[in-house]
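The lines below spell out each chain.
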Amino acid sequence: MLQHAILILLLPLASAVVIALFLRKQGAIASWLSTGVAGAIAAISIILLQHGERFESSVEWLRFGTFSVSLGIKYDDLAALMLFIVGFVGFLIHLFSLGYMHDDQARARFFGGLSIFMFSMIGIVLADNLFMIFIFWELVGFSSWLLINHYHEKQSAADASKKAFIVNRVGDFGFLLGIIMCYWANGTVNFTELGQNHVFSTAVPLLLFCGAMGKSAQMPLQVWLPDAMEGPTPVSALIHAATMVAAGIFMLCRINVLMVPQALEVIMWIGTVTAVYAALCAIVQRDIKKVLAYSTLSQLGYMVAAFGLGSIALEHGEHKMVIAAGVGAAMFHLTTHAFFKALMFLGSGSVIHGCHHEQDIFKMGGLRKKMPITFVTFSIGVLAIIGFPWLAGFFSKDAILYLAMEKNTAVFAVLAFTAVLTSFYMVRLWKITFLGEARSDEAKHAHESGLVMTLPLIILAVLSIFGATGWFGLGLYPKLAGSIAGLIPEAHGAAHTTILLVSLAVMTIGGGAALFFYKSAATDTLEEKFRFGFSMLTGLKESFDKVYDYYVAKVQQRFAMVLNFLEQIVLAGAIIRGLAGFAGLVGYGARAFYTGSLQAYAYWFLLGAALLWAYAAGIF
Amino acid sequence: MADTLFLILSVLTVATALLVVVNKNAVNAAMFLLLSLVGMAGLFVLLDAPLLAFVLILVYAGAVVALFLFIIMLLDTTPGSFKAFKPMTITASALGAALLALGLWSLTARAVLPQAPASVPVPTMKNYAEQLFTTYLLPVQVVGFMLLIAMLGVIVLSKKFAVTEETK
Amino acid sequence: MIPLLATAPAYGLPSYLFVSALLFAIGFFGVLLRKNTLVIYMCLELMLLASTLALVAFSKFNGTLDGNVFVFFILTIAAAEVAVGLAIIVALFRKRHTVQVEELNQLKH
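Protein chains in written order, with the working numbering: chain F, 1 to 620; chain W, 1001 to 1168; chain R, 2001 to 2109.
Hints are computed from structural coordinates only; laboratory data are not their basis. Hints may contain errors.
The calculated lysine to aspartate or glutamate pairs, modelled on EDC-like cross-linking and capped at a C-alpha distance of 20 Å, are [stated by the list, open to error]:
(1) 290/F with 524/F
(2) 541/F with 527/F
(3) 1126/W with 1048/W
(4) 479/F with 490/F
(5) 1159/W with 2081/R
(6) 519/F with 287/F
(7) 444/F with 360/F
(8) 444/F with 287/F
(9) 1083/W with 2103/R
(10) 546/F with 159/F
(11) 370/F with 448/F
(12) 162/F with 542/F
(13) 363/F with 442/F
(14) 1126/W with 2066/R
(15) 290/F with 360/F
(16) 1086/W with 2102/R
(17) 1083/W with 2102/R
(18) 163/F with 542/F
(19) 163/F with 545/F
(20) 1024/W with 2103/R
(21) 1086/W with 2103/R
(22) 162/F with 138/F
(23) 1024/W with 2102/R
(24) 154/F with 103/F
All chains should be modelled from the sequences, with the hints used to inform the complete structure.
As structure tokens, this is what we get:
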């Protein structure tokens, strides 16, 4: 089984290398190779899951005295679940890309980037220590940069990819500090060893959370995710919805043993604030992908908040046990979110492809009749995210709301309000895009996409329905997650009824309001009716970017110029050239000995002889 | 008897050596060198090495100094080219020489030297030959080789370069 | 001067060594003092002579023959060296038309 795990890690790397070296111009072959490898990864991940064996293995890579870095594979329930998500959803997206990127010139580069991304992501999933995760963390950041930058002729795409990488890097700085501090405090960074024995510290989990802040786009580092929509839609689906941004949550679950109540509180509030902020921003977006991006931000905030809510005590008859409900709820929502968000992103890709690359929702409309399969699957995705009963999102969202209700009422209130907003903007998106009449030529002549693009949509729709629990045991999640499924907080009795009522209420209020308020027109109804509110919400999004711009331009640039001056004058000038000049001076001095006079040389001989004589005579 | 002889000869040697150094005329200097050699030969005789004394006169005085004289007369043609010694030069050189002498003297002063000559018979030609052809055979051969090379070298050095003659 | 003026019956080894040292010093004095290359060379020969005296003296007082034999070799070498050296000086004279050591300073920086 270890060989399977190693194979699953190295296959995409091999695919990427082959594409990079040999298949630069052969886009078609590259796409088949990459998709085939993705299929193999999905198959092997299912095999590993079915086999049921859990193992761990590592090999030492570097050693400096007592400090050693090792690379290893830790395949436990958490890794098994995540591997299935990455592999299966990744394969479906590869399949979709075969159709979506069919006419692209740089297809080979795209699929090479996808392969490298799969390699890096699987590396994060299988890593057994923090150093190894960091290595693959950075690799994932690189793949993200590469893929966002796919349309590199567009300046906006180049800027967006740089922004994503740099913001990630800021988070990674904290992450690295956390790893170093963890090593310094505990002597190890291996997850299993940390689980057995670790030192109590508030700084370490908070610093490690910085990495999750960067990668999962929490406040204040959330600015890169909306801009990352410049990349092709399959990239947005795979990286910025289903897998990479979930890596932050995954990492948090891995280091759950290090968490302390103070750190968890901070994490919880950051997640909550991110959720509500993103939901507010999503209401006023015009671009279909941007809406979905803010939706992703909001759902990630949910996951982080769930993780931050921490553990609860359960009573089973006589004895009480404490379960890590935060981990359970977060991973549950991660899984279901991967399914329905990938579905919706691919659906939006299908829409964009059908409307000949039109992305503004106010120029669409009436696609219900033109693209039926996309319409049905997208609707299932929308229903899942707003928590329609018995669909995947219903169960996972309920788990989080129940956990919030038990632990912290303020957070519960905010999260419930965010759920209202979620329903609101998702139904707005659905209505304006699909219902009503076509509002532009592209929408009038839209056509359904081919099988290679609609098949993944159908499969993901099925998963969005059956991917959680329920359906009288047909739910897939317990089979995928193993022991992690047991960590899901389940409400009983009165709490169960309350949560059920709350979730139904938020769904109806939000969805109904959007349905009745927005007209399927060419302009944003909110903009027309409540101009002030609309501009306030738009400003909310801009504010962060403005602050960062100011900081970079005024503060950071000036500091960099000071450093540059120091480097030119002091380092390069005084120290380096100074030392060289000193050597030159010594040379000049030595030149003075060459007088050309024979007798001068004879005097020097005498001096040498005198010194030797003095030495021999014992004077020194 | 030997003592007075030693005294006279050593004074002769040293005095003429001094005169070699201070003389303005190069030919005079060569003559005084000759006299110094004579004194030296006498000292050798006192040291029971008459063969060496002969060889000294033959080789040194006869060949080397003669060669010197030839070259001096060949090259040093301008009579008025002598400049007076500067006092600084004299002092500096004298000091340097004195320092050297002091150094050498201190070496010998601290050494444990045999006081009386060892009582062995006076060496004869036969003894020399014995040593030269057994213990010191290799040096003899090497010196012979070196003389060959020196001869070749001198011939090459004193050739006027045919190239420069033709190109003119 | 003490060894020379002593009224001891024999002028021993130290006296000879003293003479040798004196000769050597005088030769060195000449090398440092004179400007004429040829005279400098003659003073060099003086120094060589001084060392032969020392060798023979040691040989006599130790009762061995090694010093004397060594003097043989020194004489040979000195002769060859003088020949080659003077050839060099002649070649140099042809180039520079002088034997004054002050003017032979082309190796100056």
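Tested hints:
Proposed proximity of residue 290/F and residue 524/F is supported: the alpha carbons are some 15 Å apart, at most 20 Å. Annotation: proposed proximity of residue 541/F to residue 527/F holds, straight-line Cα distance about 16 Å (limit 20 Å). A C-alpha spacing of about 15 Å is found between residue 1126/W and residue 1048/W, which places the hinted pair at or below 20 Å, so the restraint holds. A C-alpha spacing of about 17 Å is found between residue 479/F and residue 490/F, which places the hinted pair at or below 20 Å, so the restraint holds.
The straight-line distance between the Cα atoms of residue 1159/W and residue 2081/R is roughly 18 Å, inside the 20 Å bound, and the hint therefore holds. Distance hint between residue 519/F and residue 287/F is fulfilled; the C-alpha atoms sit about 17 Å from each other, no more than 20 Å. The straight-line distance between the Cα atoms of residue 444/F and residue 360/F is roughly 14 Å, inside the 20 Å bound, and the hint therefore holds. Using a Cα cut-off of 20 Å, the hinted pair residue 444/F and residue 287/F holds, with the two alpha carbons roughly 19 Å apart.
Restraint check: the Cα-Cα separation between residue 1083/W and residue 2103/R comes to about 13 Å, which is no more than 20 Å; the hinted pair holds. At most 20 Å may separate the alpha-carbon atoms for a hinted pair to count; residue 546/F and residue 159/F meet this at roughly 15 Å. Restraint check for residue 370/F and residue 448/F: satisfied, since their Cα atoms lie roughly 7 Å apart, inside the 20 Å limit. Restraint check: the Cα-Cα separation between residue 162/F and residue 542/F comes to about 18 Å, which is no more than 20 Å; the hinted pair holds.
This hinted pair checks out: residue 363/F and residue 442/F have alpha carbons roughly 8 Å apart, not beyond 20 Å. A threshold of 20 Å between alpha carbons decides the hint, and for residue 1126/W with residue 2066/R the separation of about 14 Å falls inside it, so the pair holds. The hinted pair formed by residue 290/F and residue 360/F meets the criterion: a straight-line CA distance of about 10 Å does not exceed 20 Å. For the suggested pair residue 1086/W and residue 2102/R, the alpha carbons sit about 14 Å apart, so the restraint of at most 20 Å is met.
Under the criterion of a C-alpha separation no larger than 20 Å, the hint pairing residue 1083/W with residue 2102/R is consistent with the structure, at around 12 Å. A threshold of 20 Å between alpha carbons decides the hint, and for residue 163/F with residue 542/F the separation of about 15 Å falls inside it, so the pair holds. The hinted pair formed by residue 163/F and residue 545/F meets the criterion: a straight-line CA distance of about 11 Å does not exceed 20 Å. With a CA separation close to 18 Å, the supplied pair residue 1024/W and residue 2103/R stays within the 20 Å bound.
For the suggested pair residue 1086/W and residue 2103/R, the alpha carbons sit about 17 Å apart, so the restraint of at most 20 Å is met. In summary, the hint linking residue 162/F to residue 138/F is supported, as the alpha carbons are separated by about 14 Å, within the 20 Å threshold. For the suggested pair residue 1024/W and residue 2102/R, the alpha carbons sit about 16 Å apart, so the restraint of at most 20 Å is met. Distance restraint check for residue 154/F and residue 103/F: the Cα-Cα separation of roughly 18 Å lies within the 20 Å cut-off, and the hinted pair is therefore satisfied.
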